[in-house]
Structure formats: C-alpha cells, structure tokens
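Asks: The chain contents come next:
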Amino acid sequence: MMPKMLEVKALSARLGQKQVLEDLSFSLEEGRWLMIAGPNGAGKSTAVKAMTRGVDYQGSILFEGEDIRKKKSAELARCMGVLAQSNPVSYSFTVEEVVSLGRYSHTPGLFSSDRRRAGKPERDMVEYALELTGMASRRRQSVLTLSGGELQRTFLAQALAQDPKLLILDEPTNHLDLLYQKQVFELIGEWLKTPGRAVISVTHDLSLAKAYGTEVLLMDQGRKAAWGRAEEVLTAEALKRVYRMDVYGWMRKMLSQWT
Amino acid sequence: MQGLLKNPLADGSTLGVSSGAALGAVCAIAFGITFPALPFAGTMVTAVLFAFLSLLLILGLAYRLDHSLSTDTIILIGVVFSMFVSSLMSIVITFASDRIQHITFWTMGSLQGKGYPDALVLLGALVFFGGAIFLHSRELNAFAIGEENARHIGVDVRRVRLILLIAVSGLIGVCVSVGGNIGFVGLVTPHILRMLTGPDHRRLLPASLFGGACFLMLADLVSRTLLNPRELNVGIVTSLAGSAVFILIFYRARRGG
Numbered sequence: 001m002m003p004k005m006l007e008v009k010a011l012s013a014r015l016g017q018k019q020v021l022e023d024l025s026f027s028l029e030e031g032r033w034l035m036i037a038g039p040n041g042a043g044k045s046t047a048v049k050a051m052t053r054g055v056d057y058q059g060s061i062l063f064e065g066e067d068i069r070k071k072k073s074a075e076l077a078r079c080m081g082v083l084a085q086s087n088p089v090s091y092s093f094t095v096e097e098v099v100s101l102g103r104y105s106h107t108p109g110l111f112s113s114d115r116r117r118a119g120k121p122e123r124d125m126v127e128y129a130l131e132l133t134g135m136a137s138r139r140r141q142s143v144l145t146l147s148g149g150e151l152q153r154t155f156l157a158q159a160l161a162q163d164p165k166l167l168i169l170d171e172p173t174n175h176l177d178l179l180y181q182k183q184v185f186e187l188i189g190e191w192l193k194t195p196g197r198a199v200i201s202v203t204h205d206l207s208l209a210k211a212y213g214t215e216v217l218l219m220d221q222g223r224k225a226a227w228g229r230a231e232e233v234l235t236a237e238a239l240k241r242v243y244r245m246d247v248y249g250w251m252r253k254m255l256s257q258w259t
Numbered sequence: 001m002q003g004l005l006k007n008p009l010a011d012g013s014t015l016g017v018s019s020g021a022a023l024g025a026v027c028a029i030a031f032g033i034t035f036p037a038l039p040f041a042g043t044m045v046t047a048v049l050f051a052f053l054s055l056l057l058i059l060g061l062a063y064r065l066d067h068s069l070s071t072d073t074i075i076l077i078g079v080v081f082s083m084f085v086s087s088l089m090s091i092v093i094t095f096a097s098d099r100i101q102h103i104t105f106w107t108m109g110s111l112q113g114k115g116y117p118d119a120l121v122l123l124g125a126l127v128f129f130g131g132a133i134f135l136h137s138r139e140l141n142a143f144a145i146g147e148e149n150a151r152h153i154g155v156d157v158r159r160v161r162l163i164l165l166i167a168v169s170g171l172i173g174v175c176v177s178v179g180g181n182i183g184f185v186g187l188v189t190p191h192i193l194r195m196l197t198g199p200d201h202r203r204l205l206p207a208s209l210f211g212g213a214c215f216l217m218l219a220d221l222v223s224r225t226l227l228n229p230r231e232l233n234v235g236i237v238t239s240l241a242g243s244a245v246f247i248l249i250f251y252r253a254r255r256g257g
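Here the protein sequences line up with chains A and B, keeping their order.
First residue of the first sequence? That's 1 in the working numbering, and the numbers climb one at a time after it.
First residue of the second sequence? That's 1 in the working numbering, and the numbers climb one at a time after it.
For the record, the hints were derived by calculation from the structure and aren't laboratory data.
All figures in this text were calculated on a predicted structure; none of them were measured in a lab.
Quick reminder that beta carbons are idealized off the backbone N, C-alpha and C, glycines included.
A few of these clues could be false.
Derived CB-CB ranges, DEER-like [what the hints assert, rightly or not]:
(1) A:S86 x B:V245: 28 to 36 Å
(2) A:E66 x B:V80: 39 to 47 Å
(3) A:E232 x B:M195: 54 to 62 Å
(4) B:V245 x A:L15: 35 to 43 Å
Stretches of chain B that chain A covers, calculated by requiring three or more beta carbons in the stretch to come under 8 Å of a beta carbon on chain A [as the list claims (entries may be wrong)]:
(5) 146-155
(6) 194-205
Could you build all of it, start to finish, from the sequences and the hints given here?
Replies: As structure tokens, then:
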C-alpha cells in the first residue's frame, strides 16, 4: 500500500511554558484539501510551523512515510510549499526575483535562477506561477510598492513556483478582498486537480472551509476537537463546543442580512 | 549583514562587533598575546575571536528579547554593547598604560604606516571569507526577503546563518586587526549602492566591495590632506560621514520612506 502523503502522529509542542499542541494526530491523502479551523490560540499556526520544522516538537510527522526530520531542507521544500500568514518585506526586490527564489530547492546554484541561464522548464514554472496568480504584468515592480493583496499573491506565486506536492496555506485570504478570496480559492482548486497534490489551509472562515474543504480538522486549545469530512465535522454541536457560541445561529443571522 | 538580519541599519560598527574585535586586539597587545610563528597573528586571532563572540552575544541577547530580531532591538543592544566594550577597554588600558599610544590607534582606526604585507593579509581574508559570503548570495537574498520565507523555500537556515556569521566575524576581525576600528563604511556603502544595483546580493556584494574601497580611499585622502601637514585618523573621517548618513537613513526609515 502506498503510504499516505502526510501523516501526523501524537504531535505535541511547547512555546516557552505553554503547551500549544497536545497529542494531535491526523493524516492526508493526495487530491484532498484539508481545512484547519478553530478559535484564536487553538494551535493552528503552530501545527503548520511544525510541519515545516519551524518549531521543535514531539511526536512524528511523516511525508509519504518518511520522517520529515530526516529530510534535508531543500528536499523538504520540494515536498511542501508554504504561504505564510504575513510576509513583511524591507528591500526592493522585484516580484519576479521573489517568485524565482521559489525555485531555490530545485536549482541551488549561484546563478541558475537567472532568466538567461535557466533552462526552459525552470522559466516555465516561474512563468506559470506568475500567470496563475495574475502577477505577470507586475513582474518588474518592487515588492515594497505592492498592496497587501498583491504581496500575498506574490508569495503564493513563489510557493507555486516551488512545485510542491503539498501546499500549506496559513490564512491565505487574510489580506484579500472578496474578489481575490474567490479567485485564490478557485485557483488552488484548479491547482489541486493535477494528481499527486494536496492542500492544507488554515482558515477562520467556516463558510470557505465548508465550501472548498474535502475534510476539516477542528482544533481547540492545542487539541483535536474533531476531524473528518467537512459536513461531519462542522456540526452545530461541535462548533458550539469549540467556539463557545451558537455558530450556526450567528451564520444564519449574518446571511439573513442579504435577503 | 544588512541582508542576513533583514535590517538596513545592521553593520559591524552599529552592532558593536568592530568594537568587540578592537577589544580583542587591544587585549592581545596589553597582555602580550603573540604567536611565535607569525608576528601579528596574535592581534588578528584575538580580534577574529572577539568579533565572533560579540556577534553571538549581541544576537543571542537580541533574540531573547525579541524573536523577530527587529531593527530597533538590535541597534539598541549594539549601542549598549559598544559602551560596555569601551568601558572594558578603559580597564585594559589602565592596566597597560605603558602601551597606551599603541592602543588608541585601534580605537580610532587608521591606515597610517600600513604596507603591502597588510594588504596581502586582507586580500587573503577577502578571498576566503568574502568568497564564502558571495557563494551564499542567493541564500542572502532569501534572508533579506525574510528568514521564515527562506526556511519555506528550502534554505538550511541554521547552517547558512552560522557560515555567514563566522565569515562576517572573520572579515571584521582581520580588518580591525589591520586598520583598527574604521566605522560606518560597511553601513553606508551598501545603502548607496543598493539604489544602483538593486537588492540582489549577487550584484550588491561585488559592488559594495569596490564601492567600500573607493569610499575608504576618499576618506583616507581627506584625512591626509585636510589638516596638512597633520594627519587625521581615517576612522574619524568615515565616522563623521557615516553618522550623518546613518541619521538620514534612520529618519527616512521611520517616516516609512
């Protein structure tokens, strides 16, 4: 049997004295889109950080059956691409320079990312990512002059250029207006159609989680509150328990403003 | 360093690393640490060692206070560290008052009486440490975009950072042991050149190398001619010019410019 794309077993992590993750286990197969939801401080972002070895953790994280701690940095980056929650920038790199760095793990040489020297497949990946995110027309622009949404799309393009098997998005629609929220989710849905790929995204938007997620991991205080298919997990009782409010009632009330 | 720390004000002199290296050199003179094989290796080795230790200490402290290693924290700690080092230096000088003339040279920075052997040593250090840094230009670019981002795209953050920190300390240590504490060249040059070359380190590093050398030569020229026949220490000239630019940069950064 093929090992699962991602398997997280008994994951625990501490930040200082605080236990932020406790005994978290879940797995993900290819072609799936896992939504991680839960209140602030539930440990969602820490779980994402652990998957990219950004925090020390106990337990194990296996990618295609292999412990990620045994992988080299570049090797891990070819498996997983990450869009961080925020990407503050302070030097005037161009959009294209940032996106091209996404190819780092594939071509570690000093000048291999240059437009002139890079092979066609290399340029094609960068081009594809720029086109897909709608940033192609702004390739020469300095990242310092971009709006929050454009910056977010630039770094999404970088993660796509990385050509990972698993794409991890930490609140991808954070800085985006409604139109781009829709576009980004549709674009990722399109990206996911190629076999051998999977997506994990952390989100606060339960409607988006329900609409696009094939499965949902609901977290509360560093623990797994529920995990399974979206419609099984996002029940009125489970949400009430985790969010300590009547989520269903609230959502309906919000929706009724539009009728 | 500005790239590695994603901090446009980072530099050996603002972080106190140069002062640390100078302290190392001063200690070597005051306590007579020498290596029999090479005449001036004593000051050099201690300078490199002290530069590296200073860098570790400053970054370690800054990291404990503020995990993002933000601009203000590092600069603040650098300033405090520089003061701490200068007081240590005073203590050392008190104990070795007979060599005081020799010691002030290191705190001021001067190219007086330096010849080709010194230039050769510098060249060697440049090829070795500078080469190590240049080979990591792409990683430096990634660091300049953000350390977290660097990790995400597959840079071995810990290893590369350690290599770069060692190389930087090596360079600063050797430079200080030859020329004393000549401040602000490393701060000002990349700033001006970044406007010309852009932030890509594959162009910025070589440009800064030549730009920095030109700046130092000009400063040296000024220091030798301005009060002719008396000669100023070149460190005074670079610090004067550098601090003016520093304030300008800080002012613009604060206004979001």
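Asks: The structure should be examined with respect to each hint, and the outcome stated for every one.
Replies: For each hint, the structure was consulted:
Checking the proposed 28 to 36 Å range against S86 (chain A) and V245 (chain B) shows it holds: the Cβ atoms sit about 30 Å from each other. Range check, E66 (chain A) to V80 (chain B): Cβ separation about 46 Å, and the 39 to 47 Å hint holds. Taking the beta carbon of each, E232 (chain A) and M195 (chain B) are about 57 Å apart, inside 54 to 62 Å as hinted. Range check, V245 (chain B) to L15 (chain A): Cβ separation about 39 Å, and the 35 to 43 Å hint holds.
Remark: the segment 146-155 of chain B is confirmed as covered by chain A, as 8 of its residues place a Cβ nearer than 8 Å to a Cβ of that chain, reaching the required three. With 5 residues having a beta carbon nearer than 8 Å to a beta carbon of chain A, the segment 194-205 of chain B meets the requirement of three or more and the stated coverage holds.
Violated hints for the displayed structure: none, as all numbered hints are satisfied.
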